[in-house]
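Trainee: Sequence:
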Amino acid sequence: MKIKYSLLPRLQGLTTCEMDLFLYAARRQDDTGRVVGLYYGEVCEKMEMCKQSFYNALYSLQKKGIITIEQHTSMDYDIRILGNDFSYRASLSEGYINLNRSVLHSRKFQRLKAREKWLFFEFMKITHSSHGSHQIQVRKLYEKYMQLLKVTRKVITGYLHSLKEFFSIGIKRGKYYITYKKSVFNERYYISERKQYVSGRVKAVYRRQRIKNPADAILEESAVMIDQYKDYAKTAGLEIWELFEHAVKKCEGAINTKYINKLIHNAVML
Numbered sequence: 001m002k003i004k005y006s007l008l009p010r011l012q013g014l015t016t017c018e019m020d021l022f023l024y025a026a027r028r029q030d031d032t033g034r035v036v037g038l039y040y041g042e043v044c045e046k047m048e049m050c051k052q053s054f055y056n057a058l059y060s061l062q063k064k065g066i067i068t069i070e071q072h073t074s075m076d077y078d079i080r081i082l083g084n085d086f087s088y089r090a091s092l093s094e095g096y097i098n099l100n101r102s103v104l105h106s107r108k109f110q111r112l113k114a115r116e117k118w119l120f121f122e123f124m125k126i127t128h129s130s131h132g133s134h135q136i137q138v139r140k141l142y143e144k145y146m147q148l149l150k151v152t153r154k155v156i157t158g159y160l161h162s163l164k165e166f167f168s169i170g171i172k173r174g175k176y177y178i179t180y181k182k183s184v185f186n187e188r189y190y191i192s193e194r195k196q197y198v199s200g201r202v203k204a205v206y207r208r209q210r211i212k213n214p215a216d217a218i219l220e221e222s223a224v225m226i227d228q229y230k231d232y233a234k235t236a237g238l239e240i241w242e243l244f245e246h247a248v249k250k251c252e253g254a255i256n257t258k259y260i261n262k263l264i265h266n267a268v269m270l
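All residue numbers for the sequence shown refer to our numbering, where the first residue is 1 and numbers rise by one.
Some clues are possibly wrong.
Heads up, simulated PhoX-like pairs for lysine-lysine below, C-alpha to C-alpha not over 25 angstroms straight-line [what the hints assert, rightly or not]:
no. : residue 1 : residue 2
1   : 150       : 175
2   : 125       : 113
3   : 175       : 140
4   : 154       : 140
5   : 108       : 46
6   : 195       : 164
7   : 150       : 108
8   : 64        : 51
9   : 154       : 113
10  : 181       : 140
11  : 249       : 212
12  : 175       : 164
13  : 154       : 195
14  : 46        : 195
15  : 164       : 154
16  : 234       : 249
17  : 4         : 51
18  : 195       : 262
19  : 4         : 46
20  : 108       : 181
21  : 108       : 63
22  : 195       : 172
23  : 195       : 175
24  : 230       : 249
25  : 181       : 125
26  : 64        : 113
27  : 4         : 154
28  : 154       : 144
29  : 46        : 212
30  : 4         : 181
31  : 51        : 113
32  : 212       : 175
33  : 212       : 234
34  : 4         : 113
35  : 195       : 113
36  : 172       : 212
37  : 181       : 230
38  : 140       : 172
Derived by calculation from the structure, the hints in this document are not laboratory data.
Just so you know, these numbers come straight off a predicted model, no measurement behind them.
With these hints in hand, go ahead and build the complete structure from the sequences.
Mentor: Okay, structure coming up:
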């Protein structure tokens with residue numbers, strides 16, 4: 001649930017649907033930037049977009065070199081966010097936006113336009129690197145972001161007004177002072193990164209086996225099972241998600257978590 005600073009320049013010109021789809025995917029990526037089971041029905045419901053907008057945004061993100069589509073089933077897509085690999089040790093020192101904050105799930109943030117969201121992330125980056133506050137000459141700020149975002153000075157002024165919900169933005173002695181509001185940014189989202197990732201992938205496995213709308217209790221139990229056996233599977237030289245998908249397939253369309261647990265247990269403990 002992180003976006004590398006180095007990825008931000010490629011997000012400057014996204015449309016609202018493209019930005020929303022990108023963020024939806026980024027919240028469900030694994031450490032390598034891979035997203036398994038991106039499903040249009042779920043995206044459209046959560047992001048309030050139509051089916052055609054989903055497909056337009058998906059293929060546009062691919063065309064712009066932000067994602068690759070690795071494979072797709074009749075149900076959903078597996079994609080990879082390019083340049084967003086956090087699987088190696090040095091990656092966390094490169095600088096990134098942490099998406100697991102409550103503010104990023106708020107209606108105030110969701111209502112922002114795509115370029116406003118981009119500027120929001122830009123301000124998160126520059127205030128973080130400046131220990132919470134950043135200063136820049138008024139003229140330089142307008143020149144910089146008018147050029148980057150391809151908009152007028154008036155539009156930039158409107159963006160700054162919108163972002164005052166999240167940052168303290170004021171002018172003093174010819175400079176803009178931009179400071180992130182701790183009350184806005186310090187609260188973490190109540191669902192952990194790991195839980196969001198595992199829950200989304202569990203849903204994808206059930207969906208691909210034609211099991212529709214499994215109960216929340218089933219999803220929770222399945223997610224706990226994955227975390228319970230993942231280290232045992234790794235020690236045995238096995239992949240926990242392959243074991244889980246194989247076990248679900250054995251259920252032949254009817255979820256039986258006890259049977260799934262038994263199959264996985266037998267595979268990793270023998």
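Trainee: Give a verdict on every hint.
Mentor: Each hint tested on the structure:
1. 150 / 175: holds, 22 angstroms
2. 125 / 113: At roughly 19 angstroms apart (the allowed maximum being 25 angstroms), residue 113 and residue 125 satisfy the hint.
3. 175 / 140: holds, 9 angstroms
4. 154 / 140: Distance of about 15 angstroms is within 25 angstroms: holds.
5. 108 / 46: holds, 15 angstroms
6. 195 / 164: Measuring from Cα to Cα gives roughly 31 angstroms; hence the hint is violated.
7. 150 / 108: Given pair residue 150, residue 108 holds - Cα atoms ~24 angstroms apart, limit 25 angstroms.
8. 64 / 51: Since the Cα atoms of residue 64 and residue 51 sit roughly 20 angstroms apart, the hinted pair holds (cutoff 25 angstroms).
9. 154 / 113: holds, 15 angstroms
10. 181 / 140: holds, 23 angstroms
11. 249 / 212: holds, 14 angstroms
12. 175 / 164: holds, 16 angstroms
13. 154 / 195: With a Cα-Cα distance of about 42 angstroms, the restraint between residue 154 and residue 195 is violated, given a limit of 25 angstroms.
14. 46 / 195: Satisfied, since the Cα-Cα distance of roughly 18 angstroms is no more than 25 angstroms.
15. 164 / 154: holds, 16 angstroms
16. 234 / 249: Within the cut-off at roughly 21 angstroms; holds.
17. 4 / 51: Not satisfied, since the Cα-Cα distance of roughly 29 angstroms exceeds 25 angstroms.
18. 195 / 262: holds, 22 angstroms
19. 4 / 46: Given that 25 angstroms is the threshold and the Cα spacing comes to 24 angstroms, the pair holds.
20. 108 / 181: It holds: about 14 angstroms lies between the C-alpha atoms, which stays within 25 angstroms.
21. 108 / 63: Given that 25 angstroms is the threshold and the Cα spacing comes to 29 angstroms, the pair is violated.
22. 195 / 172: Measuring from Cα to Cα gives roughly 44 angstroms; hence the hint is violated.
23. 195 / 175: violated, 43 angstroms
24. 230 / 249: Holds - the C-alpha atoms of residue 249 and residue 230 are around 19 angstroms apart, at most 25 angstroms.
25. 181 / 125: Distance of about 14 angstroms is within 25 angstroms: holds.
26. 64 / 113: At roughly 19 angstroms apart (the allowed maximum being 25 angstroms), residue 113 and residue 64 satisfy the hint.
27. 4 / 154: With Cα atoms ~29 angstroms apart, residue 4 and residue 154 exceed 25 angstroms; violated.
28. 154 / 144: Holds: residue 154 and residue 144 sit about 14 angstroms apart, inside 25 angstroms.
29. 46 / 212: holds, 17 angstroms
30. 4 / 181: holds, 22 angstroms
31. 51 / 113: holds, 20 angstroms
32. 212 / 175: violated, 56 angstroms
33. 212 / 234: violated, 29 angstroms
34. 4 / 113: Roughly 21 angstroms between the alpha carbons, so the hint for residue 4 and residue 113 holds.
35. 195 / 113: violated, 28 angstroms
36. 172 / 212: Between residue 172 and residue 212 the Cα gap is close to 57 angstroms, so the pair fails against 25 angstroms, i.e. violated.
37. 181 / 230: violated, 39 angstroms
38. 140 / 172: Judged against 25 angstroms, a Cα distance of about 14 angstroms means the pair holds.
Of the hints listed earlier, those the structure fails to meet are numbers 6, 13, 17, 21, 22, 23, 27, 32, 33, 35, 36 and 37, in rising order.
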